[in-house]
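Relying on the hints, combine the two individually framed chains into one complex.
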Amino acid sequence: MISNYTKASSTRNLWSGILFGMGIVAFIDETVFHQLLHWHHFYDKSTTAMGLVSDGFFHAFSWFATIGGLFMFADLRRKKSLWMKRWWGGILLGAGGFQLYDGTVQHKLMGIHQIRYVENVLVYDIVWNVIAAAMILAGFLLVVNTRYEKNETVANAR
Amino acid sequence: MHADHSFTQAFQGFGSVSQILLTIPFTVILVLYLLAVIVSNRKHKQWPISRTILWIIGVCCALSAVSGPLVQRAHMEFTSHMLGHLLLGMLAPLLMVLAAPVTLVLRTLPVTQARRLSRILKSRIMGIISDPIVVVILNIGGLWVLYLTSLYEAMHQYILLYLFIHIHVFLSGYLFTISMIYIDPAPHRTGYIYRATVLILALTGHGILSKYIYAYPPAGVPRDQAESGGMLMYYGGDMIDLILVIIFYYQWYKAVRPRANTSKCKGNKNFVGT
Chain A
0 MISNYTKASS
10 TRNLWSGILF
20 GMGIVAFIDE
30 TVFHQLLHWH
40 HFYDKSTTAM
50 GLVSDGFFHA
60 FSWFATIGGL
70 FMFADLRRKK
80 SLWMKRWWGG
90 ILLGAGGFQL
100 YDGTVQHKLM
110 GIHQIRYVEN
120 VLVYDIVWNV
130 IAAAMILAGF
140 LLVVNTRYEK
150 NETVANAR
Chain B
0 MHADHSFTQA
10 FQGFGSVSQI
20 LLTIPFTVIL
30 VLYLLAVIVS
40 NRKHKQWPIS
50 RTILWIIGVC
60 CALSAVSGPL
70 VQRAHMEFTS
80 HMLGHLLLGM
90 LAPLLMVLAA
100 PVTLVLRTLP
110 VTQARRLSRI
120 LKSRIMGIIS
130 DPIVVVILNI
140 GGLWVLYLTS
150 LYEAMHQYIL
160 LYLFIHIHVF
170 LSGYLFTISM
180 IYIDPAPHRT
190 GYIYRATVLI
200 LALTGHGILS
210 KYIYAYPPAG
220 VPRDQAESGG
230 MLMYYGGDMI
240 DLILVIIFYY
250 QWYKAVRPRA
260 NTSKCKGNKN
270 FVGT
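Chains as they are written, first to last, in numbering that gives the first Met the number 0: chain A, 0 to 157; chain B, 0 to 273.
Keep in mind that a hint or two might mislead.
Incomplete in silico selection of chain A near chain B, CB under 10 Å [stated by the list, open to error]: (1) 51; (2) 52; (3) 57; (4) 62; (5) 67; (6) 71.
Derived pair list, reagent style DSS-like, types lysine-lysine, alpha-carbon separation capped at 27 Å [what the hints assert, rightly or not]: (7) B:253 x A:84; (8) A:79 x B:253; (9) A:84 x A:6; (10) B:121 x B:42; (11) B:44 x B:253; (12) A:6 x B:253; (13) A:44 x A:107; (14) A:6 x A:79; (15) B:253 x B:121.
These are calculated hints, taken from the structure and not from any lab test.
Note that the Cβ used here is the ideal one computed from N, Cα and C, for glycine as well.
One chain only, chain B, in its complex shape (with noise of 0.2 Å):
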């Protein structure tokens, strides 16, 4: 296929430099969280150990999405570009959002530029911006138009694009887990019977998604690679998406918790709950 050798001829070209240019924010990223951790929790009690460890493993994850031998295979084979894309926008956000990074900040910021972050968070741009629906059509909408339009090929041509849709990759898919579940501040909350709706939207939108690319290949992709990249993205989704629908419920379960004890409750028959 002549797709498969443009690829390899181009990888060539851009393939390092887009690999270090990925690799230094989520570096950063990684060292600017265990630093926090280190500085906070000098002043407050200490950090639970499972988010730094949630934290560590979810930069992991974006950074063989976005550097090492996946990245190399991923040029040529389109089951590995779709592992990549599993790894990178659905499950390095989940396990990085569990990580509570703004949390974290707040709380090792001086108070005034804590104030500060809280009021851009509480803006009103914040609040579009991470607003389910608009999450789910910058999310799913921006695969769509990557895998039915040539922007897949030419992904592989020019580095800016490149870049783009693996930073808009992740950001969306981060955006898209705190827009549904809430474990850092969210001062623009909304409720759970929209959530669960836009929720099961997204999934049915990135599920159509995966057999469509099972069906019709995206421009310069072989139908067996299409097939099983198609397959992956189904079931691999479902795997990931399966932890945040659990997560999703867990936080509705605990919200409705009975505010009296339930003991007290056995003889009312007008209690219903919530």
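So that you can see chain A by itself, here it is in the shape it has in the complex (with noise of 0.2 Å):
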């Protein structure tokens, strides 16, 4: 495969893997723990103003967060410019850096919903935050592996 790397396009692999990563995770979010298991509230009666308002923001930006990684995604493989590894580097990182988002500010600190509506809500707290910041430290090192340094290099490196 030839492949077009430019500093442009590799800020452009990374950002369509966090915008998608962003919004899959939303997205797995909005169906199996709300639609499907029902541990998550749609409203929870504790919600501020301030928590809806953001709740309402994150919802509206992964939603089209989540279109607009695909279309770009699509728009590298157009160009052939796509590079996969840092594509899913991108990806780790909106998907954990999300998560560690929703379960740190919108669930401990705005108290928008928690994760389950059990007596041992840390152990879930724990969990879900662990998985969000492996995945952030995953995407991280995928990030820096393959850091834009010169087209040579990167095209040596295939």
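This is how it looks when you write it as structure tokens:
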């Protein structure tokens, strides 16, 4: 595969992944935890105004980002500048970042909802946020590993 | 609930009148579109059948929201009202925009009248009322006013208010769609980033309002209906916006298409694209 790796396409690969990763985690959260398992609630009675705004904004953004990330992916493929490893790094960063934000700020600080309405919710919180941190770490390693240096280096490395 | 009772009474008062008054304009534009297709097909090449079908389905969505069994239930039941809102304010406008009515009108009208119409479309006032941010304030702002004040309850008692709100919901939905995606000639185009930002803000406003309705039922709406109506608004809105966002990105995707054939650019290291 002959590729057109440039600084710009390198950034685009990363962002396409980040956007899609954020969207996919939000989607999984929505379908699996809200709709199928009913662990989360559509609306928690303790939700603050700020929490509601944050939730609404993030939902809208992730919905938009999922589709946008995939169209960017298609654009990169069309221009033959798709860099799968870096794209995956972006996905893990986006997915982990979103999950960590959701698990710490939205669940804990703003109290929009909890992961599950049980006694020992701390266990769930730890699992949730450790998974998020692991995804961020893996994503970070992949992104560092695929950092754009020079066209030739990248082309030779493949 | 006393409100249910007053809705029923009020409905019997003006229900059939409002249904007739709202059915007329939508029936008229349905017939006009079909006539325009027939007339312009004589002069030009065949108007795409898919567009005609989109228009018919779109108008039917609007009609089903302003007349017939759904309206009768919407007067008493908030969930049905919300289904009507999705059909009239979101789905019907989207389908009708995709049917490219302005393009059809421009090719049907005689040249002088078509020029006059395009001059109106190009006017400054049209630029202002089709600006994404203005449209979102009209559209989402209007919904906030409707459900957060006593307007929703009053709407079922005053026929003029009822008519105005329904026409506003449809028109602001239509304006919103044409300000986001360009199917018809759009003289006042705005950039992708601007539109993307405003679209996210609109989605946010719609989502927050849905959850707010769930938690704080509008005046005269029982809690269980507000909950199911709010969820319908949230997820139903998502489904329709999904189509809108896909079209938005598809237009972006086409616009940033590399000018040169990509196969020729393989060896060009400086090739970045747009």
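- Message: Tell me the numbers of any earlier hints that the structure contravenes, in ascending order.
- Response: Per hint list: zero violations.
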